[in-house]
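Just so you know, the protein sequences line up as chains E and H, in that order. At position 51 of the first sequence the residue is numbered 51 (the UniProt record's numbering), and the sequence of numbers has no breaks. At position 229 of the second sequence the residue is numbered 229 (the UniProt record's numbering), and the sequence of numbers has no breaks.
Be aware that a few hints might be false.
[As the list claims (entries may be wrong)] Below, in silico cross-link-like pairs of lysine-lysine (BS3-like), each with a Cα-Cα straight-line distance of 27 Å or less:
#1 H:K49 to E:K183
#2 H:K49 to E:K181
#3 H:K49 to E:K152
#4 H:K49 to E:K151
Simulated from the structure, these hints should not be mistaken for lab results.
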Amino acid sequence: MTYKPYYEPICTWHENMEAEEIQDLALQLRRDAVDIANCSGTHSGHLGGELSAADIMAVLYGGILRMKQGDPEWEERDRLILSKGHNSAIQYAALVFRGILRREQLYTEMNRLDGILQEHSNPSIPGIEAPTGSLGMGLSVGCGFAWAARKKGQDYHTFVILGDGECTEGQVWESAMFAAKYKLDSLTAIVDYNGYILTGKTDEVSGLAPLEEKWKSFGWEARTVDGHDTEMLTNVLSEMRKPSFAPGKPRVCIAKTKKCYPVGFMMETPVNYHSAHVTKDSYTACMEELVK
Amino acid sequence: MTTETIFGHKIQGARAAVGETLLHLAEQDERIVVVDAETAVATNLMGFKEQFPERFITTGIAEQCAVSMAYGLSRCGLVPYLPLFAAFLTRRAYDQLFVQIGYPNANVKLMGCYAGISTASTGATHQSFNDIALMRSIPNIAVIECADANALSQAMAACVQHEGPTYIRVIRADLPEYEKNILPESYRFQIGKAAILRNGTDVTLIGSGMMTVRCMRAADELERRGVSAEVIDLGTIRPLDEETVLASCEKTNAVVTAENHDITGGVGSAVAELLSEKMPTVLRRVGVHGRYGHSAQLGELLADYGLTEENIVLAAEEALRSTRR
Numbered sequence: 001m002t003y004k005p006y007y008e009p010i011c012t013w014h015e016n017m018e019a020e021e022i023q024d025l026a027l028q029l030r031r032d033a034v035d036i037a038n039c040s041g042t043h044s045g046h047l048g049g050e051l052s053a054a055d056i057m058a059v060l061y062g063g064i065l066r067m068k069q070g071d072p073e074w075e076e077r078d079r080l081i082l083s084k085g086h087n088s089a090i091q092y093a094a095l096v097f098r099g100i101l102r103r104e105q106l107y108t109e110m111n112r113l114d115g116i117l118q119e120h121s122n123p124s125i126p127g128i129e130a131p132t133g134s135l136g137m138g139l140s141v142g143c144g145f146a147w148a149a150r151k152k153g154q155d156y157h158t159f160v161i162l163g164d165g166e167c168t169e170g171q172v173w174e175s176a177m178f179a180a181k182y183k184l185d186s187l188t189a190i191v192d193y194n195g196y197i198l199t200g201k202t203d204e205v206s207g208l209a210p211l212e213e214k215w216k217s218f219g220w221e222a223r224t225v226d227g228h229d230t231e232m233l234t235n236v237l238s239e240m241r242k243p244s245f246a247p248g249k250p251r252v253c254i255a256k257t258k259k260c261y262p263v264g265f266m267m268e269t270p271v272n273y274h275s276a277h278v279t280k281d282s283y284t285a286c287m288e289e290l291v292k
Numbered sequence: 001m002t003t004e005t006i007f008g009h010k011i012q013g014a015r016a017a018v019g020e021t022l023l024h025l026a027e028q029d030e031r032i033v034v035v036d037a038e039t040a041v042a043t044n045l046m047g048f049k050e051q052f053p054e055r056f057i058t059t060g061i062a063e064q065c066a067v068s069m070a071y072g073l074s075r076c077g078l079v080p081y082l083p084l085f086a087a088f089l090t091r092r093a094y095d096q097l098f099v100q101i102g103y104p105n106a107n108v109k110l111m112g113c114y115a116g117i118s119t120a121s122t123g124a125t126h127q128s129f130n131d132i133a134l135m136r137s138i139p140n141i142a143v144i145e146c147a148d149a150n151a152l153s154q155a156m157a158a159c160v161q162h163e164g165p166t167y168i169r170v171i172r173a174d175l176p177e178y179e180k181n182i183l184p185e186s187y188r189f190q191i192g193k194a195a196i197l198r199n200g201t202d203v204t205l206i207g208s209g210m211m212t213v214r215c216m217r218a219a220d221e222l223e224r225r226g227v228s229a230e231v232i233d234l235g236t237i238r239p240l241d242e243e244t245v246l247a248s249c250e251k252t253n254a255v256v257t258a259e260n261h262d263i264t265g266g267v268g269s270a271v272a273e274l275l276s277e278k279m280p281t282v283l284r285r286v287g288v289h290g291r292y293g294h295s296a297q298l299g300e301l302l303a304d305y306g307l308t309e310e311n312i313v314l315a316a317e318e319a320l321r322s323t324r325r
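The following block holds chain E by itself, in its conformation from the complex:
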């Protein structure tokens, strides 16, 4: 099967990527996510949350994560768990950027019987650390990674990306208590606070706010940032990765994002694009907005 993407990739990885290149990467990841949905065996994807998390992903895979290009099992790698596992496509795109998946896999293996790329990711896929998709579980896995790092004397950092809707799961707060008790300061949670759960605004559906105060009261060092400002994200996450940032405390970066960002017609009714079929028209309209 051959597939010609709407756009060619605009970004290749190198060390010390410039701020502008990180923004290019975020754009590339967004285009890839839409392409993946368009090519998937089910012609669908969870685009709303993928577009909101694209800048976080670009910052992590563009420079924050300690990785070896092309080697998903390098022992000293930083661990990243996408706890909101329905947004796997944006991570698959990032794994292509880091040489762990092949680009053609994005177009030929998503949601297909003979493909490995599942709508909700699992560790049989290179570069994926944990099975996620049933929400609320990823932070506990991150606790296990961080505890094991200390036990084994390793200095990798563990990042966990949570959805805001996911933070209504009780298990998230079981893990929050655990991480604080064990002083897991090599653990950073990033909440993609895009404001929307499946049926409406997260704060109205669940009573999530005030979120930063909740994390702080659980003993976490919390910062709230604009989740589409890649420079600010880079600064905060590189600080949080350092042991000296808040010794003995797990960290949480609450990234205020917008669901479907920056695609205008989707942002008008984000609940329609949590998970959606991609039509020829919506694909074209979407891609026309994803330009430099």
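Assemble chain H onto chain E, guided by the hints.
For chain H alone, coordinates are given in the frame of chain E:
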């Protein structure tokens, strides 16, 4: 078996074996860590905590976190052992077990303690009558139940050797027979291998866990009544030792299963599934019949829920009558 005292009660049999065996295994294999969810006193882990504080993790009363975190530990090369209460491990954390233990074939060693009716005083909330049903419907997980403390120790060691998820079901073991060994000294536990404890020709009694000794006693009684009973201790419920079960049933033509669990989805179901597809055979299932638990004295409960050797004898006679029709 040595004994310890907690809350003024002697800890013996299976419960003592859990703590002692984990200590022994941890001394031999530094990958082993224990994850507790605030049942460590009941499951006799305080000795482990004292000896290996840096290898003992507790989540508090948070089974879901414990299970998902154990996946994380296993992904980093550690071998987590989770001796939690069967009821709460399998029911509260079922999604986590399915998605993060079974699905990735995680090398995590689960133990469901206080299984079935054996936690007599606690009642319906704590008496797990469906943990076998839940666990054996998750692909990849080996489901194990042992007849005595010696076999349990062997099984716990075998699980460490086995690469992949395992679930051992353990009773609370206040019963006098668990202070002694039920299985012969020559018994060697092997995942997926059942043991024939007594040869017979008329009826096969298949026991699991604490019901195996009741099958042995039932076989004695049946012998007095002129019936030759073969007794199998299942040891592993999934994967089922189909060969041993089928060979015995071919010989006897009548089967009774006995389990400390509901007859729906447990040992009786597993045997029924096998036989009805491969060798239709008259079968009677001894176990809990679609009821919730109740807090009372163990002896009263065993009689009321039909988990005695008399129930097995009656079931065997009924099965035999059925074959002669």
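We went through each hint and held it up to the structure:
1. H:K49 to E:K183: Distance of about 19 Å is within 27 Å: holds.
2. H:K49 to E:K181: This hinted pair holds, its Cα atoms lying about 17 Å apart.
3. H:K49 to E:K152: The given pair, whose Cα atoms are some 19 Å apart, holds under the 27 Å limit.
4. H:K49 to E:K151: holds, 16 Å
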